[in-house]
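Chains as they are written, first to last, in this note's numbering: chain H, 1 to 154; chain A, 1001 to 1154.
Think of the hints as simulated: they come from the structure by calculation, not from any bench.
What you are looking at is a predicted structure, and each value in this text was computed from that prediction instead of being measured.
Each statement offered as a hint is correct.
Estimated spans, in silico, between C-beta atoms of each pair:
(1) R141/H to E1019/A: 38 to 48 Å
(2) R116/H to P1007/A: 50 to 60 Å
(3) S117/H to K1034/A: 33 to 43 Å
(4) L118/H to Q1057/A: 12 to 22 Å
(5) E1146/A to A29/H: 41 to 51 Å
(6) G58/H to K1034/A: 19 to 29 Å
(7) R141/H to R1101/A: 18 to 28 Å
Built from N, CA and C at the ideal position, the CB exists for glycine as well.
Number of protein chains: 2
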Amino acid sequence: MKVGAKPISGLDVLRAVSEGLVESSPAAALLGWKALTLEPGRVRVRYTARREFANPQGAVQGGFLAAMLDDAMGPALFTTLAAEDFAPTIEMKVNFLRPARPGPLVAEGRVVHQTRSLAFLEGTLTTEEGDLIATATATARVLSAEANGSGHPG
Amino acid sequence: MKVGAKPISGLDVLRAVSEGLVESSPAAALLGWKALTLEPGRVRVRYTARREFANPQGAVQGGFLAAMLDDAMGPALFTTLAAEDFAPTIEMKVNFLRPARPGPLVAEGRVVHQTRSLAFLEGTLTTEEGDLIATATATARVLSAEANGSGHPG
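Model the full assembly from the supplied sequences, consistent with the hints where possible.
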């Protein structure tokens, strides 16, 4: 995807999503994804944890916290890629430090280290007041559209 | 919680949820949780991954797969506890082996090892045809209501 001679970056796509010019993914929409900071290798996202995400104790079920962390770490990596590149998460580890109530939560995703084919990511999830809820690390496989001739090499 | 002299077990609660006599948690309802097998230390659950769980590639976002694994591993442990006990997941590791499309998925949760205060769990998520989508391990902290005088010691 090129406009004139300038290739579109993942960061451009994320900025367009953040400005409402491009639709966010269904998962991001469900989680209430809203970009707070978008810079190369680091993003901050505000979420709204819905009551539908609650476990029997009324806290947000851990998987939904993992989903929020994943949707911050993935974009942190995507800021460093071309718009057509694809980088599926191959493994993720989450530590649940405190229960979270439905409502606003803030996630930060960061690229820790990156090669042509792999990326090591980390993330934190906090309340709006900055209380740590969960931390995560993840590994993503980087599939370059240019190298593969397709944006979605499966 | 006692009926006559017989204390109610976590397994009793899960059976009641499975029979529609007790409401499932909001998270379980959102994921389409439906018990296939409920036995001490092992549960199998059928989910329906919604289109709202999809990432930009149309596959189910990894966090929602983690949520499905969490909601099978937690109940596997709960089958071994008293109804009032509480066992929050303190950490979880997920390996994403294959992308999953929206639709039916099957999770199995198992208790690998358990002490009075900790439980080590594992889970697998497959298609209805048995193709492996993701695997997980998790650690839960067991908080006995009897020892703590409350079902929800925070």
